[in-house]
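S.K.: For the record, the sequence lines run as chains A and B. Taking UniProt numbering, the leading residue of the first sequence gets 1, the next gets one more, and so forth. Taking UniProt numbering, the leading residue of the second sequence gets 1, the next gets one more, and so forth.
Calculated from the structure, these hints are not laboratory results. Mixed in with the good hints, there may be bad ones.
Pairs count within a copy or across copies, as identical chains cannot be separated in the list.
[Stated by the list, open to error] Okay, derived cross-link-like pairs now, EDC-like style, lysine to aspartate or glutamate, Cα gap no bigger than 20 Å in a straight line:
(1) K148 - E122
(2) K8 - E134
(3) K34 - D77
(4) K34 - E74
(5) K155 - D138
(6) K52 - E81
(7) K133 - D45
(8) K133 - E6
(9) K52 - E6
(10) K52 - E117
(11) K34 - E81
(12) K52 - D14
(13) K52 - E64
(14) K34 - D120
(15) K34 - E4
(16) K133 - E81
(17) K155 - E117
Computed from a predicted structure; not experimentally measured.
Protein chains: 2
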Amino acid sequence: MAMEIERKFLVVGDAWRSLAIGVAYRQGYLLSNKHLTVRVRMAGDTGYLTIKGATDGISRTEFEYAIPANDAAELLDTLCERPLIEKVRYRIPWQGLVWEVDEFAGANQGLVIAEVELSDPEQLVSLPAWIGKEVSYDPRYYNAQLAKHPYSEWKDQD
Amino acid sequence: MAMEIERKFLVVGDAWRSLAIGVAYRQGYLLSNKHLTVRVRMAGDTGYLTIKGATDGISRTEFEYAIPANDAAELLDTLCERPLIEKVRYRIPWQGLVWEVDEFAGANQGLVIAEVELSDPEQLVSLPAWIGKEVSYDPRYYNAQLAKHPYSEWKDQD
Numbered sequence: 001m002a003m004e005i006e007r008k009f010l011v012v013g014d015a016w017r018s019l020a021i022g023v024a025y026r027q028g029y030l031l032s033n034k035h036l037t038v039r040v041r042m043a044g045d046t047g048y049l050t051i052k053g054a055t056d057g058i059s060r061t062e063f064e065y066a067i068p069a070n071d072a073a074e075l076l077d078t079l080c081e082r083p084l085i086e087k088v089r090y091r092i093p094w095q096g097l098v099w100e101v102d103e104f105a106g107a108n109q110g111l112v113i114a115e116v117e118l119s120d121p122e123q124l125v126s127l128p129a130w131i132g133k134e135v136s137y138d139p140r141y142y143n144a145q146l147a148k149h150p151y152s153e154w155k156d157q158d
Numbered sequence: 001m002a003m004e005i006e007r008k009f010l011v012v013g014d015a016w017r018s019l020a021i022g023v024a025y026r027q028g029y030l031l032s033n034k035h036l037t038v039r040v041r042m043a044g045d046t047g048y049l050t051i052k053g054a055t056d057g058i059s060r061t062e063f064e065y066a067i068p069a070n071d072a073a074e075l076l077d078t079l080c081e082r083p084l085i086e087k088v089r090y091r092i093p094w095q096g097l098v099w100e101v102d103e104f105a106g107a108n109q110g111l112v113i114a115e116v117e118l119s120d121p122e123q124l125v126s127l128p129a130w131i132g133k134e135v136s137y138d139p140r141y142y143n144a145q146l147a148k149h150p151y152s153e154w155k156d157q158d
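Only chain A is shown next, with the shape it has when bound in the complex (with noise of 0.2 Å):
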């Protein structure tokens, strides 16, 4: 078990595209509520299975397995909820952290979102120039919120 503490931003512009080569991520839900997810991933051939506990703030506890890939590949495409998310993860490190940015694709097209990985929730971080607004509290761009009201079907996109 760790304690995963991240904060997540909206991102501006392109600037951030060339900084990294990106990673194509398909996951899906077993299970997603506001006390527990159970998530399949595949990120390039790397299957994973996780498990997330409640939020609290910008922290929660976080188990994760990786699995063979074709069992991620069968889960996916047998038991998870629809739709799936699609998005390629770029990694970027930036003045000590990695940031993920996230373009996501499918029923989320058109949302690029930027996360951090923090070991301290007081931790100071240095914000690179394409960071705009930040989001980390709100529910609607977890990932599960997104495989249930994808961000093409909202009303206010930011």
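Position chain B relative to chain A; hints supplied.
M.R.: Structure of chain B alone, referenced to chain A:
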């Protein structure tokens, strides 16, 4: 992914008890419904995370992964539905197959079930003398159901 094919029976008497040494199991469910279960199990000192698809007769898809015992204990203690399933499992070889006899405790005290895993749904099975009524098709005896409606609360115990 594997296909699990299993027949399940009530147990008569105590003759099975001397045939194996039991291992303590503690398990719970992150999710259980008609289509899907996500189970956490401690079997002795080993942790497992298991995903099972919908039941089709006596068959269902199963994905099982070993996980660290500390993770399994924490998932059971913090995220699984209540009550947990507590039982002692006895693995008894018999005429080329292995029977698993589960003697339940806690909220399911008094219940003893024997399961045998098959490679084919049509496979002929020789039944030991201590095997009673078949309950393969009775959903009350699913462990996930025993977590929701424990045996101690049944009005019509067999």
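S.K.: The structure should be examined with respect to each hint, and the outcome stated for every one.
M.R.: Each hint tested on the structure:
In the homo-oligomer, the alpha carbons of K148 and E122 never lie at most 20 Å apart, since the shortest distance is 31 Å inside one protomer and 41 Å across protomers. Taking the shortest alpha-carbon separations for K8 and E134, only the intra-copy value of 6 Å comes in at or below 20 Å, while the best inter-copy value is 54 Å. Taking the shortest Cα distances, K34 and D77 sit within 20 Å of each other only across copies (18 Å), while inside one copy they are farther apart (24 Å). In the homo-oligomer, the alpha carbons of K34 and E74 lie at most 20 Å apart only across protomers (19 Å), although the nearest pairing inside one protomer, at 26 Å, exceeds that limit.
Proximity of K155 to D138 under the C-alpha cut-off of 20 Å is restricted to the intra-copy arrangement: shortest distance 15 Å within a copy versus 47 Å between copies. For the homomeric pair K52 and E81, the shortest alpha-carbon distances inside one copy (16 Å) and between copies (15 Å) are both at most 20 Å. For the identical chains of this complex, K133 and D45 are neighbours neither inside a copy (32 Å) nor across copies (47 Å), given an alpha-carbon limit of 20 Å. Within a single copy, K133 and E6 get their C-alpha atoms as close as 15 Å, which meets the 20 Å cut-off; across copies the closest is 54 Å, which misses it.
Proximity of K52 and E6 under a CA criterion of 20 Å is satisfied intra-copy only: 13 Å inside one chain copy versus 31 Å between copies. For a Cα distance limit of 20 Å, the shortest separation of K52 from E117 inside one copy, 15 Å, qualifies, whereas the shortest one across copies, 32 Å, does not. Within a single copy, K34 and E81 get their C-alpha atoms as close as 16 Å, and across copies as close as 14 Å, so both meet the 20 Å cut-off. Taking identical chains as interchangeable, the C-alpha atoms of K52 and D14 are never at most 20 Å apart, the minima being 31 Å within one chain and 43 Å between chains.
For a Cα distance limit of 20 Å, the shortest separation of K52 from E64 qualifies both inside one copy, at 8 Å, and across copies, at 18 Å. Taking CA atoms no more than 20 Å apart as the test, K34 paired with D120 passes in neither setting, with 23 Å inside one copy and 40 Å between copies. Only within a single protomer do K34 and E4 lie at most 20 Å apart by alpha-carbon distance; the minimum there is 16 Å, versus 31 Å between protomers. In the homo-oligomer, the alpha carbons of K133 and E81 never lie at most 20 Å apart, since the shortest distance is 29 Å inside one protomer and 37 Å across protomers.
Taking identical chains as interchangeable, the C-alpha atoms of K155 and E117 are never at most 20 Å apart, the minima being 29 Å within one chain and 52 Å between chains.
Comparing the model with each earlier hint shows violations of hints 1, 7, 12, 14, 16 and 17; every other hint is respected.
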